[in-house]
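Engineer: Sequence:
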Amino acid sequence: MKFPATSRFGGARTWLLLGAVMLSFGAHADGLEGRFEVRSADLQLKDGVYQLNARLDLPVGEAVRQGLAEGVPLTLELNLAIERVRQLLPNAGVAELTQRYHLQYNTVSAHYVLRNENSGEQESLPTVDAALEQLSQVRGLPVLDKALLTADRRYEANVRAKVDYGSVPFTVRMLMFWVNEWHRESEWYTWTLQL
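Position in the sequence shown (first residue = 1) + 9 = the working numbering.
Worth flagging that the hints you see were computed from the coordinates, not collected in a lab.
Bear in mind the structure is a predicted one, so any value in this text is a computation, not a measurement.
One thing to keep in mind: the hints can contain errors.
Listed next, the in silico DSSO-like pairs over lysine-lysine satisfying Cα-Cα at most 30 Å (straight line) [to be verified]:
(1) Lys55 x Lys155
(2) Lys171 x Lys155
(3) Lys171 x Lys55
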């Protein structure tokens, strides 16, 4: 069988087009349509305990919204590390915390259930937008007792977020073959604590 001849320019054009399609697919293959990051964070002292407030940019694309509506779970993990800043030595760790949230659609209640994996508390939200908005905000999360910090020392807090989507059992995956698993991790957001 003979294939039609192509000019070397036609072949190059084909490869360029194929490369552009692959790059375009790769840029959006994980379902996030923008930068995933910790937008802001601070620790506020309340009743002798520092509490974390944070705002995340979680730019979820239409494919992920559709997957959530079909019952595919999304998990968000926050990592917090507080360090004492030292001049000549590496910073010393003071406290670390990992906080996990799980978001999944419940077909019985027709609501999105957002569960705090650490405490077991959960919240029922009517729409995917409301659920994602709630997931992207952390308010009043207790993280550190004031007694662990000394007033004449300098401390830094660091927060990052990780998101996993599509971690469903294999049997469910066979029925939902179109769902792509993905994992993203933000950069660390760092600030100096005001004691």
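Engineer: Output the indices of the hints that this structure fails to meet, ascending.
Structural biologist: Violated hints: none at all, because every hint is consistent with the structure.
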